[in-house]
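Residue numbers (my numbering): 3 to 126.
Possibly wrong hints are sitting among the right ones.
Said to hold, decoys possible - Taking CB as the label site, the calculated pair distances span:
no., residue 1, residue 2, range
1, Glu-48, Lys-113, 18 to 24 Å
2, Glu-120, Val-58, 23 to 29 Å
3, Arg-29, Arg-102, 24 to 30 Å
4, Glu-63, Asp-89, 22 to 28 Å
5, Leu-116, Val-82, 19 to 25 Å
6, Glu-80, Phe-109, 29 to 35 Å
I should point out that these hints are in silico values taken from the structure, not numbers from a laboratory. Where is the CB? At the ideal position from N, CA and C, for every residue including glycine.
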Amino acid sequence: MKALSIRQPWAWLVIHSGKNIENRTWRSHFRGRFLVHAAKGMTRQEYDEAKAWAYVCGALEIPAYEELKRGGVIGSVELVDVLDHSDSPWFMGPKAFVLRDPQPLAFMPLKGRLGFFEVATAHD
3 MKALSIRQPW AWLVIHSGKN IENRTWRSHF RGRFLVHAAK GMTRQEYDEA KAWAYVCGAL
63 EIPAYEELKR GGVIGSVELV DVLDHSDSPW FMGPKAFVLR DPQPLAFMPL KGRLGFFEVA
123 TAHD
């Protein structure tokens, strides 16, 4: 199954709080369900900036910095489109990966990679 690394707390927001856009600089032809990998790296400044943005977007309260799982899979979501613009409050551009149907999963430690990458699953 494909996976995509997303930095925290953005990954948590995708799975738990209605973040329906993942902003990227690149386009993808992939459509379908993928695993959300919470990247290992996260600075306090990144956390604080994301928390402020999430508040403006009406998101749920983000867990404390120390409580966010990092360096593994936290759920899955479906990629349904890639747009150059979106009216979603989560859109910052330049490309909008349109997401739907997030599903939390038990944390699975895993090293991330750039772009979409393959992860062996029980069905493989």
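Hint check:
no. : hint                           : in the structure
1   : Glu-48 <-> Lys-113: 18 to 24 Å : holds (20 Å)
2   : Glu-120 <-> Val-58: 23 to 29 Å : violated (35 Å)
3   : Arg-29 <-> Arg-102: 24 to 30 Å : violated (19 Å)
4   : Glu-63 <-> Asp-89: 22 to 28 Å  : holds (25 Å)
5   : Leu-116 <-> Val-82: 19 to 25 Å : holds (22 Å)
6   : Glu-80 <-> Phe-109: 29 to 35 Å : violated (20 Å)
The structure is inconsistent with the numbered hints 2, 3 and 6, although it conforms to all the rest.
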